[in-house]
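Start from the sequences, fold in the hints, and give me the full structure.
From first to last, the protein sequence lines are chains L, R, E, V, G and U.
In short: position in the first sequence from 1, add 51, done, that's this note's numbering.
In short: position in the second sequence from 1, add 51, done, that's this note's numbering.
In short: position in the third sequence from 1, add 51, done, that's this note's numbering.
In short: position in the fourth sequence from 1, add 51, done, that's this note's numbering.
In short: position in the fifth sequence from 1, add 51, done, that's this note's numbering.
In short: position in the sixth sequence from 1, add 51, done, that's this note's numbering.
Mixed in with the good hints, there may be bad ones.
Same chains, same label: a pair holds when it works inside one copy or across any pair of copies.
Here are the simulated DSSO-like pairs of lysine-lysine, each with C-alpha atoms no more than 30 Å apart in a straight line [what the hints assert, rightly or not]:
| no. | residue 1 | residue 2 |
| --- | --- | --- |
| 1 | 157 | 122 |
| 2 | 157 | 123 |
| 3 | 101 | 172 |
| 4 | 70 | 172 |
| 5 | 157 | 101 |
| 6 | 157 | 70 |
| 7 | 172 | 157 |
| 8 | 123 | 172 |
| 9 | 83 | 172 |
Don't read these hints as lab results, they were simulated from the structure.
Please read these numbers as outputs of a predicted model, since none were measured by experiment.
So the chains spell out like this:
Number of protein chains: 6
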Amino acid sequence: MIYLTRREHFNGAHRLFNKDWSAEKNAEVFGKCANANWHGHNFDLYVTVKGNPDPETGFVMNAHQLSHLLKKEVVARLDHKNYNIDVPELQGVIPTIENVVQVIWKWVSPHLNGCELYCIKLVETENIYVEYYGD
Amino acid sequence: MIYLTRREHFNGAHRLFNKDWSAEKNAEVFGKCANANWHGHNFDLYVTVKGNPDPETGFVMNAHQLSHLLKKEVVARLDHKNYNIDVPELQGVIPTIENVVQVIWKWVSPHLNGCELYCIKLVETENIYVEYYGD
Amino acid sequence: MIYLTRREHFNGAHRLFNKDWSAEKNAEVFGKCANANWHGHNFDLYVTVKGNPDPETGFVMNAHQLSHLLKKEVVARLDHKNYNIDVPELQGVIPTIENVVQVIWKWVSPHLNGCELYCIKLVETENIYVEYYGD
Amino acid sequence: MIYLTRREHFNGAHRLFNKDWSAEKNAEVFGKCANANWHGHNFDLYVTVKGNPDPETGFVMNAHQLSHLLKKEVVARLDHKNYNIDVPELQGVIPTIENVVQVIWKWVSPHLNGCELYCIKLVETENIYVEYYGD
Amino acid sequence: MIYLTRREHFNGAHRLFNKDWSAEKNAEVFGKCANANWHGHNFDLYVTVKGNPDPETGFVMNAHQLSHLLKKEVVARLDHKNYNIDVPELQGVIPTIENVVQVIWKWVSPHLNGCELYCIKLVETENIYVEYYGD
Amino acid sequence: MIYLTRREHFNGAHRLFNKDWSAEKNAEVFGKCANANWHGHNFDLYVTVKGNPDPETGFVMNAHQLSHLLKKEVVARLDHKNYNIDVPELQGVIPTIENVVQVIWKWVSPHLNGCELYCIKLVETENIYVEYYGD
Numbered sequence: 052m053i054y055l056t057r058r059e060h061f062n063g064a065h066r067l068f069n070k071d072w073s074a075e076k077n078a079e080v081f082g083k084c085a086n087a088n089w090h091g092h093n094f095d096l097y098v099t100v101k102g103n104p105d106p107e108t109g110f111v112m113n114a115h116q117l118s119h120l121l122k123k124e125v126v127a128r129l130d131h132k133n134y135n136i137d138v139p140e141l142q143g144v145i146p147t148i149e150n151v152v153q154v155i156w157k158w159v160s161p162h163l164n165g166c167e168l169y170c171i172k173l174v175e176t177e178n179i180y181v182e183y184y185g186d
Numbered sequence: 052m053i054y055l056t057r058r059e060h061f062n063g064a065h066r067l068f069n070k071d072w073s074a075e076k077n078a079e080v081f082g083k084c085a086n087a088n089w090h091g092h093n094f095d096l097y098v099t100v101k102g103n104p105d106p107e108t109g110f111v112m113n114a115h116q117l118s119h120l121l122k123k124e125v126v127a128r129l130d131h132k133n134y135n136i137d138v139p140e141l142q143g144v145i146p147t148i149e150n151v152v153q154v155i156w157k158w159v160s161p162h163l164n165g166c167e168l169y170c171i172k173l174v175e176t177e178n179i180y181v182e183y184y185g186d
Numbered sequence: 052m053i054y055l056t057r058r059e060h061f062n063g064a065h066r067l068f069n070k071d072w073s074a075e076k077n078a079e080v081f082g083k084c085a086n087a088n089w090h091g092h093n094f095d096l097y098v099t100v101k102g103n104p105d106p107e108t109g110f111v112m113n114a115h116q117l118s119h120l121l122k123k124e125v126v127a128r129l130d131h132k133n134y135n136i137d138v139p140e141l142q143g144v145i146p147t148i149e150n151v152v153q154v155i156w157k158w159v160s161p162h163l164n165g166c167e168l169y170c171i172k173l174v175e176t177e178n179i180y181v182e183y184y185g186d
Numbered sequence: 052m053i054y055l056t057r058r059e060h061f062n063g064a065h066r067l068f069n070k071d072w073s074a075e076k077n078a079e080v081f082g083k084c085a086n087a088n089w090h091g092h093n094f095d096l097y098v099t100v101k102g103n104p105d106p107e108t109g110f111v112m113n114a115h116q117l118s119h120l121l122k123k124e125v126v127a128r129l130d131h132k133n134y135n136i137d138v139p140e141l142q143g144v145i146p147t148i149e150n151v152v153q154v155i156w157k158w159v160s161p162h163l164n165g166c167e168l169y170c171i172k173l174v175e176t177e178n179i180y181v182e183y184y185g186d
Numbered sequence: 052m053i054y055l056t057r058r059e060h061f062n063g064a065h066r067l068f069n070k071d072w073s074a075e076k077n078a079e080v081f082g083k084c085a086n087a088n089w090h091g092h093n094f095d096l097y098v099t100v101k102g103n104p105d106p107e108t109g110f111v112m113n114a115h116q117l118s119h120l121l122k123k124e125v126v127a128r129l130d131h132k133n134y135n136i137d138v139p140e141l142q143g144v145i146p147t148i149e150n151v152v153q154v155i156w157k158w159v160s161p162h163l164n165g166c167e168l169y170c171i172k173l174v175e176t177e178n179i180y181v182e183y184y185g186d
Numbered sequence: 052m053i054y055l056t057r058r059e060h061f062n063g064a065h066r067l068f069n070k071d072w073s074a075e076k077n078a079e080v081f082g083k084c085a086n087a088n089w090h091g092h093n094f095d096l097y098v099t100v101k102g103n104p105d106p107e108t109g110f111v112m113n114a115h116q117l118s119h120l121l122k123k124e125v126v127a128r129l130d131h132k133n134y135n136i137d138v139p140e141l142q143g144v145i146p147t148i149e150n151v152v153q154v155i156w157k158w159v160s161p162h163l164n165g166c167e168l169y170c171i172k173l174v175e176t177e178n179i180y181v182e183y184y185g186d
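Here is the structure:
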């Protein structure tokens, strides 16, 4: 069993706030991340699949096809977008990386053949990232 | 003469568009960067000062004081902000890194004593950055 | 279950030597790391917690609170210190990153609520790091 | 139990193609990687061993000895080599990183004493890497 | 005047040897880099242009157009190629990064309008790079 | 004219304090960097030479010989050392990177033939570095 990881990039805007809370409570919990006029990040996405290399290609999965899949299913939906407004699957949740990474899992996992989605890692800054293993 | 560089971080949202142009022309020139609902970046700021080390301290400038100055004059104004809306000095210009870096120069240069501002470098993504030397 | 990681920095001095050994044996085993006048490193600390995101915040844990906790419990004790002299919890052991990481675990783990400490990673140079999962 | 990781570098040339396929099918599957005149990469190798620190040294394994072992068993065989031609253990397989990493495991694992080989990670570009845990 | 830098990647194979020298002298001067069966690298290319931002766009040059130009004029010629064989402009010279960077300058400089080529930086490994300013 | 840069590493301990000052004034100016029991860093050294490539080798200077020179003249003197105690050329000055980089220049510049020393860059943390051009 080999684990293959592919990195992609995208950037976007978001705002962390709970609409059921007062402005004061949002500021207290989310600090500057609650800024009404948004802020944003460059995100690094690492997607890991696992499987046995195909004897004919030596590949767990063709990394260029994995890249193509991620650009189509993830980057096209999240790059240069506002995660509070522009992404239907993120409506009704606070667009933290904890919640975004679970949506990315749902977009990617149905499209893999011959290998299995193992981990999605989403890096928000050089100091903060999350990992999700699907459950 | 020694050149001392200090790095700081901030992140923000912006939108690249020219209000005198049609939506079509904005999309043609700025592509996804013209998204009406904003996008954002993590920015790395590198500020270089030049001078002769003080014999009593060995410092061109105390790097912690330089950091303090940059946090007060730059990070406080740009971190978790929308550069089209929240920053008075950026009103009336398109908030590209070319224009942001010139504003940062104006904020920092009056506050240096015993050394001189030499260069401001602003990194928007791992693939794009600008440098400005003050003229 | 989501895994959230926060990075912090500190630097310090140490010396690797076993007081029960001769200078020759220390030099043979630890090489330049046994230098009597110390040497030092920039350390990168990655702390990973795991839990379910809180529906009201979208957070496994507020990353700014995690940073505050790490600065108080770890960075304040290890930054700009000598690990052979200045850190009571490291007396009586050789201050390798293998031993330092176990002490960091003890400092951090009692202070987490609503999520669980999963991994502490300590990077000594770009070529060497350790990871500890608590047992 | 502590996990210790050591990084090493090497670079080499390879070509991805299946000798039982037509040039057309090789181009279709492997794209530019099938270029008849080779291409190459800088590879970063991360080797992780696990064990309990020796009370006399504080080490899971002496990182300099691990480096020496990796330079002798891996770097000497792969650095500045052509993986389709110069490496006997890679003859008969397509030299993808999936296949190279399994050969590295066989070279390293017999030489560890007092700790156990846990993972080998091989990074081909900043966007692609594989990990192997030995089965 | 603002300096704008764009990064691109490519990888390739090469061999450093002087055809007028004996195998012994080539090995003495170029070491492992003279390996007859080639070796290769991931190359990072940084291209810096200088100019005054256009008031209508805020750009010295549209970074996406600069990327497109570099992909067409440089990456298409050097990515997944053998620099001793596949690149007509490198025939008759030893394909060191010192020589490659001068060829890249010739490919890029005729295609800039409204700004000027300032520097080309080519990174061969994390430890070695060259810069060329056009004369 | 081509500029060639080579990176090397070393680590060491130091303490920033002025022996003519009180403990209070040292703490006020140097903060934690004045800790009596030392602290330390991983240092990255970038040395840039300039010259015309030799037509017979394609090299401004053989990067492996430059590495060998730097290991002999710089790394051997600074790696795993205490810069307040172990380095004769640093006695009588405060061992800031501003002062260390000037000493490195004196060690390296006499040993170059066929090219010229252009810049020495010394990186103390990911946030602080200095550059020196020899005057």
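Okay, the hints, checked on the actual structure:
1. 157 to 122: Answer is within: at 15 Å inside a copy they meet the 30 Å cutoff, but 33 Å across does not.
2. 157 to 123: within (14 Å within a copy, 36 Å between copies)
3. 101 to 172: both (15 Å within a copy, 14 Å between copies)
4. 70 to 172: within (27 Å within a copy, 36 Å between copies)
5. 157 to 101: For residue 157 and residue 101, both the intra-copy (17 Å) and inter-copy (20 Å) Cα distances are at most 30 Å.
6. 157 to 70: within (25 Å within a copy, 38 Å between copies)
7. 172 to 157: both (14 Å within a copy, 27 Å between copies)
8. 123 to 172: both (18 Å within a copy, 27 Å between copies)
9. 83 to 172: both (24 Å within a copy, 24 Å between copies)
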